[in-house]
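Undergrad: Reconstruct the complex from the two isolated chains, following the hints.
Same order as they appear, the protein sequences are chains A and B.
Last residue of the first sequence: 312 in our numbering, with the numbers rising by one and none dropped.
Last residue of the second sequence: 927 in our numbering, with the numbers rising by one and none dropped.
Please note: incorrect hints may appear among the correct ones.
To be verified - Here are the simulated SDA-like cross-link-like pairs (lysine to any residue), alpha carbons at most 20 Å apart as the crow flies:
id	chain 1	residue 1	chain 2	residue 2
1	A	Lys-109	B	Lys-882
2	A	Lys-70	B	Lys-853
3	A	Lys-110	B	Val-860
4	A	Lys-121	B	Thr-892
5	B	Lys-853	A	Trp-116
6	A	Lys-63	A	Ala-103
7	A	Lys-70	B	Gly-859
8	A	Lys-110	B	Gly-859
9	B	Lys-869	B	Ala-840
10	A	Lys-119	B	Ser-848
11	A	Lys-238	A	Ile-292
12	A	Lys-109	B	Leu-881
13	B	Lys-906	B	Ala-916
14	B	Lys-917	B	Thr-868
15	A	Lys-109	B	Pro-855
Since the hints were made in silico from the structure, they are not lab data.
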Amino acid sequence: MKTGPYYFVKDLPLHELITHEFINTFVKKGSCYALTYNTNIDEDNTVALLPNGKLILSLDKDTYEETGLQGRPSQYSGRKVMKFIVSIDLMDLASNLDSKKYGRVSWSFKEKKPLKFDFLLAWHQTGAEESVMMSHFSDYGIQERQPDVVLGMVAELRCPVLRSGQLGGEPGAACGARELLDWLGAVFSHTELNNEPNNFISTYCCPQPSTVVAKAYLCTITGFILPEKIHLLLEQLRHYFDEPKLASWVTLSVQGFADSPVSWRENEHSFGKGGEHLYNFVIFSNQDYWLQMAVGADDDCPP
Amino acid sequence: MRHRRSARAGDVTGGAIHELGVCDSSCWWDRVCVIYHAFSQKEAKELDVQHPGTQRAEAFVRAFLKRSMPRMSQQAQEDHLQRKAVVLEYFTHRKRKEKKKKSKGLSAKQRRELRLFDIKPEQQRYSLFLPLHELWKQYIRDLCNGLKPDTQPQMIQAKLLKADLHGAIVSVTKSKCPSYVGVTGILLQETKHVFKIITKEDRLKVIPKLNCVFTVEVDGFVSYIYGSKFQLRSSERSAKKFKAKGTIDL
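Just chain B, same shape as in the assembly (with noise of 0.2 Å):
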């Protein structure tokens, strides 16, 4: 007689044993297959079917916390064992937003570095920027409807004002450093504090607009510019309104 085998939780890993068959005496076993398989996780949930081993596994490490943590009641217990995940490290890929790349500019020490508003010593000759002087003439005539001799000064004055003053004549008639007077040329540039001048000895001379009084002349025209209200670059001056004052000292 072959014993029956029993399905004993415990015995085969993984699942319990369905027995389809069940042998009596007469030696039935030989015909009835039975059939193993194992239960799927799935299976075994929806039986509330457990592992043997499980089982006895469980009721281990219970008794062993209750033992040694005796103040620790049952169920902070279990929520200590029911661990919540903690995600450590989150790995997505964001779509990568483009980023509107602002155009800062250049500062101002980047753009000395570049050297673009210097001006290469071949280039430096006083010859050279004579006709730049006549365009310049023309360009003030022009502004004030030609330069007769009954213009009214005040007109002559205003327009000076907003006027760009790249290739006009200027000359320092007043400052308080004595190097500085005398010194005429043709304006190259200007910046905000300063003014580049071209002499006729073909040297560049940078002189600081504040206190200096510097003279411009266009077809007996004779005008006087106070350098320290002049402290603008010559982009945002023409819209800046000038007040009248009273006797300016340098």
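Chain A extracted, bound-state conformation (with noise of 0.2 Å):
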């Protein structure tokens, strides 16, 4: 299955995302997305495009002086404000190209402070071609790039007992939604499950009841992956149930990019401890599903 090619722009300048034609080639028509690449969210400046067209920087406080354009301290500044959050509607902006609005964002992206960044792109539109964006950003060095699947196989694997019907587990029967995140944890970590007393990097043990199962498979994707492509991947998993398996449930765990300025709906998210925003789905066999999402210490909770 593909899961869409996603593209790598180095040094693309900001004001290149607020010209005419990107905005009614890519942000109306279909969903854009965009985000800067290689930057810390705490410390240096981040941009993103959200498919609502909404442009959403992150800068310092130096930059956000400079630039003159009008924004908001972030939530997660301490007494002295170090990081402001600013947003601008592209939608907003391209209705009406002569309005002061407009002048102003272009030039203080152009003349007052140009700011360039490494993008990460990727477009979806049912029924286009993919290599208009490659073409539109010819001159800047785009780069086509695919996601990473890496593909392993567990042998042996403890996993616990879940019923569909009880989020909460039953002691003795079937384990909580809790300590079944915990135990994907230790998984995708690749710790061991058994409990060793020596075990110097993890004594974590499997939630009990647990079974062991010969064989687990392991699929980690990574890239710029767009939602449409994990909803398709969703699909396909319900559709793994319809002959008859000997497992009783799989999982779709999701990771959010921990540099992201912008968590679930536009909420601003920050890196703190660990910027890990995620949610994860696991589908039992007879269709029913368990929806967690987690988020770190600063961000708002999840909708």
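TA: Below, the structure written as structure tokens:
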């Protein structure tokens, strides 16, 4: 199954993202996503483009004071504000190109403080060719990349027993959702789950009751993946249980970028101690599912 | 026989009567004229002669006081009678001293009302102030003895700190408030906390100095002025010494 290409551009100046052609070609049709690459959310300037046409800039204090654009201080700053969030609505700008707002934003990006970033771009549109984006940014050395897919197998894996109707778990009969999340984390980081006393790395033990599964597959996909592709993946996983299988459940876990300036629905996201924000689907053989969402310390609660 | 009229105190008011003549029984009265004239007050005091009426009045008052205020001694009564004069109003025409008129100067409110420093809208045109800018450039060139490309920036900085900036083209590069950033124009007035600038669109803008960084450019030399350290009237600034501190954060 194709998880779609994404594009990587080096040193793209910010004013390219507010040109009329860009907005008309990509933002208005389909959903366009962009994120700066290799910038730390709590130290550097970070830019993200959301599919609803909003350009979010998370700037540090000196940059914010120099650009001259109206923004608000970050929610997760201490007593002295170090980070400012500027939000520009591209749909609104494109509707009136002669407006003062557009003039000001354009002046700021072109003359006052030209900013350049390495961007990860992705664009989804039903029924369009993929190479439109390549040709648009051909002056900037755009590269097309595919997400990395790593398929691994774990033998003799101890899995907890789950029952779809009971989220909280039943002592002695099934495990709860929280224990499952802990177990998943242990599996993803490839620790051993047998609680050996001389194990230096981890003393985690699989929650009881558990069964031993002969073979378990772990598939990891890394890249700038669109939500539409994740949706497709989810559909495919549902069809896994069309034929009777030994396993009773499968999980799909999605981890967001730690350096993204936004979390769900434009909530502000900051790094804190570990910038995690993730969600996890557990799909049962009877087509029930559990959805778990988790955020880090510097985040608002998920919707 | 006419009776001899004796001088009896009390008959004639205001004085006593001299009797000059004595008549005997031989009707000498006709020949002696008695000259009556009143004593003056002074003569009465000298001769210690008192009008009989006053003597009688005094005696009456004393007796009355003694009867009504038996506790009070004679001396105390006498003291009370000797009233001391209390001056209630003192009317003298003092010579009015010439009050030295101190010129206090006008307060800020009065100055604002006077509108001495306001620039009328007809005069708010950018093109009117361009010659001022040229003058200022000339002034700075003279101040720095010519702006050659190899002059040291420190010297220019030092001179600019004390120079007068009226007429310079300043622009705001950094500011805590984003809407001030980018404002460029000729500086018209400088007060303690504020710059008044006229922009190219003929708008008079008032920009507070605090938390702003201004850029002044002369012939290729660009200087950044930190407004928070510049909160002085331009007249006072020429006398102030600026210390060099580390980096300044807005």
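Undergrad: All hints, please: hold or fail.
TA: Evaluated hints:
1. A:Lys-109 / B:Lys-882: holds, 18 Å
2. A:Lys-70 / B:Lys-853: holds, 9 Å
3. A:Lys-110 / B:Val-860: holds, 15 Å
4. A:Lys-121 / B:Thr-892: Distance ~13 Å between Lys-121 (chain A) and Thr-892 (chain B) Cα, so the pair holds.
5. B:Lys-853 / A:Trp-116: holds, 19 Å
6. A:Lys-63 / A:Ala-103: holds, 12 Å
7. A:Lys-70 / B:Gly-859: holds, 17 Å
8. A:Lys-110 / B:Gly-859: holds, 14 Å
9. B:Lys-869 / B:Ala-840: holds, 15 Å
10. A:Lys-119 / B:Ser-848: holds, 17 Å
11. A:Lys-238 / A:Ile-292: holds, 17 Å
12. A:Lys-109 / B:Leu-881: holds, 19 Å
13. B:Lys-906 / B:Ala-916: Holds: Lys-906 (chain B) and Ala-916 (chain B) sit about 14 Å apart, inside 20 Å.
14. B:Lys-917 / B:Thr-868: The given pair, whose Cα atoms are some 16 Å apart, holds under the 20 Å limit.
15. A:Lys-109 / B:Pro-855: Satisfied, since the Cα-Cα distance of roughly 15 Å is no more than 20 Å.
Violated hints: none; the structure is consistent with every hint.
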